[in-house]
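Here the structure of chain A is known, so what remains is to put chain B in place on it, guided by the hints.
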Amino acid sequence: MSALRLANITKSFGAIHALTDVSLAIEPGEVVGLMGDNGAGKSTLVKVIAGNFAPTSGELFLSERRVEFHKPLDAQRAGIEVVYQDLAICNNLSAASNVFLGRELTRQIGPFQIIDYAGMRNRAAELFARLKSETRPRDLVKRMSGGQRQAVAIARTLLSDASIVLMDEPTAAISVRQVAEVLNLIRHLRDHGIAVVLISHRMPDVFEVADKIAVLRRGRLVASKKAADSSAEEVTGLITGAIEMA
Amino acid sequence: MSQTNSITDVIDQSEHRGALSRLASHQTFWVFMAALLACLALSMLTDTFASERNLFNVSRNFAFVGIIALGMTAVIASGGIDLSVGSTVVLSAMTVAVLMSSGMPIWVGIPAALLVSVGVGLVNGALIAYAGMPPFVVTLGMLSVARSLAMVLSNNKMIYEFGPDHAVLLGLGGGSTFGLPNPLIVLAALAVLTGFLFKWTRWGQHIFAMGGNEQAAKLTGIAVRQLKVSVYVFSAVTAGLTGILEVGWLGGVTTNLGQAMELSVIAAAVIGGANLAGGVGTAFGAVVGALLIEVIRNSLILLGISTFWQGAFVGSFIVIAVAFDRFRNARSSD
Numbered sequence: 001m002s003a004l005r006l007a008n009i010t011k012s013f014g015a016i017h018a019l020t021d022v023s024l025a026i027e028p029g030e031v032v033g034l035m036g037d038n039g040a041g042k043s044t045l046v047k048v049i050a051g052n053f054a055p056t057s058g059e060l061f062l063s064e065r066r067v068e069f070h071k072p073l074d075a076q077r078a079g080i081e082v083v084y085q086d087l088a089i090c091n092n093l094s095a096a097s098n099v100f101l102g103r104e105l106t107r108q109i110g111p112f113q114i115i116d117y118a119g120m121r122n123r124a125a126e127l128f129a130r131l132k133s134e135t136r137p138r139d140l141v142k143r144m145s146g147g148q149r150q151a152v153a154i155a156r157t158l159l160s161d162a163s164i165v166l167m168d169e170p171t172a173a174i175s176v177r178q179v180a181e182v183l184n185l186i187r188h189l190r191d192h193g194i195a196v197v198l199i200s201h202r203m204p205d206v207f208e209v210a211d212k213i214a215v216l217r218r219g220r221l222v223a224s225k226k227a228a229d230s231s232a233e234e235v236t237g238l239i240t241g242a243i244e245m246a
Numbered sequence: 001m002s003q004t005n006s007i008t009d010v011i012d013q014s015e016h017r018g019a020l021s022r023l024a025s026h027q028t029f030w031v032f033m034a035a036l037l038a039c040l041a042l043s044m045l046t047d048t049f050a051s052e053r054n055l056f057n058v059s060r061n062f063a064f065v066g067i068i069a070l071g072m073t074a075v076i077a078s079g080g081i082d083l084s085v086g087s088t089v090v091l092s093a094m095t096v097a098v099l100m101s102s103g104m105p106i107w108v109g110i111p112a113a114l115l116v117s118v119g120v121g122l123v124n125g126a127l128i129a130y131a132g133m134p135p136f137v138v139t140l141g142m143l144s145v146a147r148s149l150a151m152v153l154s155n156n157k158m159i160y161e162f163g164p165d166h167a168v169l170l171g172l173g174g175g176s177t178f179g180l181p182n183p184l185i186v187l188a189a190l191a192v193l194t195g196f197l198f199k200w201t202r203w204g205q206h207i208f209a210m211g212g213n214e215q216a217a218k219l220t221g222i223a224v225r226q227l228k229v230s231v232y233v234f235s236a237v238t239a240g241l242t243g244i245l246e247v248g249w250l251g252g253v254t255t256n257l258g259q260a261m262e263l264s265v266i267a268a269a270v271i272g273g274a275n276l277a278g279g280v281g282t283a284f285g286a287v288v289g290a291l292l293i294e295v296i297r298n299s300l301i302l303l304g305i306s307t308f309w310q311g312a313f314v315g316s317f318i319v320i321a322v323a324f325d326r327f328r329n330a331r332s333s334d
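The listed protein sequences derive, respectively, from chains A and B. In this text, residue positions in the first sequence follow the UniProt record's numbering: the first is 1, and each later residue adds one. In this text, residue positions in the second sequence follow the UniProt record's numbering: the first is 1, and each later residue adds one.
Here chain A stands alone, though its shape is the one from the complex (with noise of 0.2 Å):
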């Protein structure tokens, strides 16, 4: 049973067909490189997932359920989580409290409801041990490496028990050795059983993960197979258009 599958989504804004006719399962536990040039598409079917855009036509199904996103908190409730490229976390404020942004744990004293500071640190330690990461929860996003940043921002996915996670551009403006730290968070998403979709430019990184690989060209679906099946050359053709189709 696919944990998400896209049937026959369009998207077109005005004149413009930003997508066309999208068809891609998603199965649970796998990782799947979404690949194509600036303006491909990418970007739009990823907020198609995310609830940020409505289709104009097509259907969505979560384990074969039908959903309709009418917001990114539809989407969310759903189990579908996204890490963006900027990341959207608070440098001011410490790791667990991010991980914990928006649904902070409290505790009732009297007629107060007060932050449970003990309680969020516990918890995001357990959820950075899992990752296998050592962000420590009281530590200052500010002073964190990208690497570890990324563990907070992919912490955020586990705790909401997401099963599919979208991830923009995570390897984009970070150094070899935290490309290497990342790439292993997104194998522990995938130990967890978590679909995991990986948006990306850079092909080595796409391969050393990904279980499939899909390309985008100019809206349109133009090849969807197992990676290892595939070639870096191959998907360069592809994204192209050198090669019509795979």
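Take these hints with a grain of salt, some might be off.
[What the hints assert, rightly or not] Straight-line alpha carbon distances no greater than 20 Å define the calculated SDA-like cross-link-like pairs of lysine to any residue that follow: (1) A:Lys47 x A:Gly14; (2) A:Lys71 x B:Val280; (3) B:Lys199 x A:Ile114; (4) A:Lys71 x A:Arg103; (5) B:Lys157 x A:Leu159; (6) B:Lys218 x A:Leu159; (7) B:Lys218 x A:Arg103; (8) A:Lys142 x B:Val280; (9) B:Lys199 x A:Thr106; (10) A:Lys71 x B:Leu219; (11) A:Lys71 x B:Gly221; (12) B:Lys218 x A:Gly14.
If you are wondering where the hints come from, they were derived from the structure by calculation, not from laboratory data. Because the structure is a prediction, the values reported are computed rather than measured.
Just chain B now, kept in the frame of chain A:
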């Protein structure tokens, strides 16, 4: 297993990273030390500073700026600014004065003044959060509008008769309880409350999150707009409260009350560690910042230095406090 062990160890270590070294890493700590040092020096250099009468005056004077600095810290921490607080002080003071001088009891006057302040905050907040206008512009407009309304309300006359509850109002702002001036008690209570709200409630957490990264706060589902409105209402209420207390202390009110006060208040918040870029600030810092400003002011008078120098000293302290913080951050981020 060893992995989890090492992580808990690390948490323990950071938890026990001496209270002193944590303290010393805060700007507030150093400002507090500066204020303390100034007080010590003054008690030795002059025999008037440590006198009960002078301390009473100092504490009452700084209470007014301190109370609003608490509200201002919330606004600054959220990433905004409120220039209208000085005008809100006079509008609130004038509301209570006009109502009471017309014979209304104090229990009508004070709630009405606070209600007017809430109104000011709502207008500020709504224009900033829902119309998306810059806080600087909106509150600059309100600075002008609120003072003008106070003039209209009073016909620009001084009011010094407050009807049947005259003595109660004067006692509230000018009197003292257990030997402490009432405004100081209000400041202490409000500082504790604000500190609690900042640190232990979701409201406080979300203010700092919004000030740190508004986009992130929005993406995680925090109701950023309502939060903004609440922050400006909070700030306006602290100003309104100060207005009521100041009327009682002065025993009369004119329309130039609270003029340019927003600058002292912002200075107090910034000296106390609030970062105008948002996301940083503490309640204790706001109080300490206000204290330092008042101690400087008072010391210049006691040392016989011309009051014309006040601005130079306070201004230098703002720059020094912020520069100090910059240096420290630049060093620790290496």
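How the hints compare with the structure:
no. : hint                : verdict
1   : A:Lys47 x A:Gly14   : holds, 17 Å
2   : A:Lys71 x B:Val280  : violated, 31 Å
3   : B:Lys199 x A:Ile114 : holds, 9 Å
4   : A:Lys71 x A:Arg103  : holds, 18 Å
5   : B:Lys157 x A:Leu159 : violated, 61 Å
6   : B:Lys218 x A:Leu159 : holds, 18 Å
7   : B:Lys218 x A:Arg103 : holds, 13 Å
8   : A:Lys142 x B:Val280 : holds, 13 Å
9   : B:Lys199 x A:Thr106 : holds, 12 Å
10  : A:Lys71 x B:Leu219  : holds, 11 Å
11  : A:Lys71 x B:Gly221  : holds, 11 Å
12  : B:Lys218 x A:Gly14  : violated, 28 Å
Hints 2, 5, 12, counting from the list given before, are not met by this structure.
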